[in-house]
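One letter stands for each residue in the lines below.
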Amino acid sequence: MTAPVLTEPDAAAPPAPSLAARVIRGVLPYVLALVLAFVVAGIVIAALGYDPVEAYRTIFTTSFKTNFGFTETLTKWVPLTLLALGFTIPLAVGRFNIGGEGQLLVGATAAAGVGIVYADLPAAVLLPMVILAGVLAGSVWAGIAALLMGRFHVNEILSTVLLNFVSFQVLDYAATEVWTDPAAGVAATRGVGEGAELPTLGGPPGVHAGLLLAVAVTLVTILVTRRTAAGFELRAAGTNPRAAGINGIRVERVAVFALIVGGALGGLAGALEVSGVHGRAIEGMQTNFLLLGIIIGLIARGSAVWVPVVAFGIAILEVGASSMQRTVGVPAEMVLIIEALILIFLLLSDVIAGRLARRVT
Amino acid sequence: MNEFAVLAQLTVVAMVPYLLASLGTMLGGLAGVFSVSQEGVMLLGASVGFLVSYGTGSSTVGVLVAAGVGAVFGFALGWATTVLRLDQFVVGLALFFAATGLAGLLYRIVIGQTATTPLVDTLPRLDIPLLSDIPLLGIALFSHNLLVYLAALLAVGLWFFLYRTRAGLNLRSVGENPKAADSLGIPVVRTRLWTTAAGGALMGVAGAFLPLVYTGTFTEGIVGGRGWLAIALTFFGGWRPQFIVAGALFFATMDVVALRAEVSGIDIPSQVLLVIPYVATLVVMVFAFRWARVPEFLGRNYDRESRTG
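Chains as they are written, first to last, in this note's numbering: chain A, 1 to 361; chain B, 1 to 309.
Looking at chain A on its own, in the form it has when it is part of the complex (with noise of 0.2 Å):
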């Protein structure tokens, strides 16, 4: 009698792929979508009848022509990281954060009504509580989706998107009924006290010190998610929800937590806003963070060290944009077409990276 075979006898462990795979794999798509992306969009901006050289260098050139150019595109970076990192995280376990916007809108209305009620305190004081109001504000918008996630299964992509059209309505009432500022021409807060408004670095014209914070929590998640325990359950119950469950990992929860803190992060960019860039929460001021955010997430395949990266990338492009509609006269929509082909073709040539890369080894 020989013991049962529990293996196959033939089961190896597959072959290490070769260097030249893995930089198949890893550079090529990027490699080709890039350029796909941008050979696509200049072949429709010179059939608009615009010239594609100039378009793309002004995009190109405007973050680094003038100090106010870098200037807004660091102040760009900030809020594009932090939402693409709450993105990112509860992707992570599998769950798509898709509120981002909301958060960020409803941290931006708590973070400007602690800054306008309390306009008296000191900073030391005020700009904590400024910050850490937002914080909480994303929070309980992302934690209302989780609940609904965790407790009856409600799916996070539906919850989160519609507490984004909730989330407009909250910022309406604060902007027109509550601390409403006729002056402001737009919908609009008053402005918030002095004492919860940002110190700026260097200049002029100079960025927020935002700029730190936002900085460091994107050290903090890179520094959890790879070495921590909790990072380690992070990423075991969204890779193979199964194993993790039998090994104890309670995966409902660590997505739960996962979706209140992409919240907390969306909640405290909102903050960063208000106390750093506009002084008060406006109507609007959200743009298209939530698809950049999530764009950057995507392209960035979820890894929190490249986010940042990627999200340099997409400010550069946006602060560009607009110089480019000045300009050359190119709409500044052709943008988001660019950043969307560029994840399409990121897609598309995952796929032809995997072919070649499975040839060579």
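In short, the hints are calculated from the structure, not lab data.
From a predicted model like this one, the values you see are computed outputs, not experimental measurements.
A virtual CB, placed ideally from N, CA and C, is assigned to each residue, including glycine.
Mixed in with the good hints, there may be bad ones.
Stated by the list, open to error - Taking CB as the label site, the calculated pair distances span:
id : chain 1 : residue 1 : chain 2 : residue 2 : range
1  : B       : 85        : A       : 246       : 19 to 29 Å
2  : B       : 125       : A       : 177       : 35 to 45 Å
3  : A       : 28        : B       : 87        : 17 to 27 Å
4  : A       : 177       : B       : 137       : 33 to 43 Å
Using the hints provided, position chain B relative to the given structure of chain A.
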């Protein structure tokens, strides 16, 4: 009493975009492909539908082109998830972005910035002879534009097709158990391709309905979450046409109630009224996700060579 008839008529009109978008979602979903690009495809349908109607002067052409563009996006989703087997949610989101960007860009290119809002004629109302003379019901049900009637016929037709014909049974088997369907010779990939394309076409028409019936013009916020609500509605309706119609009635009623209460000047902040449809949907979903039957293979890609799939 007359006011009741008018309200009922408004509600029936408001049902149509939900119904079309949701039936489109259902069609792809029953074959196993879950789309999340409704909001974008509807916005593109609205933009294209408006622009073509504006350019050609024919709203029929506008609706048809919107359907065609929607079909292209639906087909792209089907192709990327069946032939290339890419993740359905990620591809859906990417197409949502592309459609959103394209909608704004096309409007900007064709219309540019104008001082006056460009307008098209909204679809004419066709009274059905005799039936439209019935008191109350006549105005509510039989005095609408052509698209309303077509949407109703489509819902009935889809129900008959899916639950009373062999082809419909085959289609549903692809979304329930593609391996079994495949072994019986049902073309899984081809089924997924045509259902997602047809579903996309319906979403495009749902979008075109908004400028061509409601506003006569295109704005960036014209869809206003209806695409996402349509996904919720599809779950709520248990992926079956008859319940989706009932759900669409609920969503449309919420829309009309919010609108009506605002006009009538009840002393409630307008913001509270405007969130009614979204909050009601969130509450309803708590129950919907308990009883709703979802196609077994929804959201998953089929790999003929995989052992587990």
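Against the structure, the hints come out as follows:
A C-beta distance of roughly 27 Å is found between residue 85(B) and residue 246(A), which places it inside the suggested range of 19 to 29 Å. Taken as a hint, the range 35 to 45 Å holds for the pair residue 125(B) and residue 177(A), whose Cβ atoms sit roughly 39 Å apart. Roughly 19 Å separates the CB atoms of residue 28(A) and residue 87(B), a value that falls within the hinted 17 to 27 Å. At roughly 41 Å, the beta carbons of residue 177(A) and residue 137(B) sit within the given window of 33 to 43 Å.
The earlier numbered hints are all upheld by this structure, with none contradicted.
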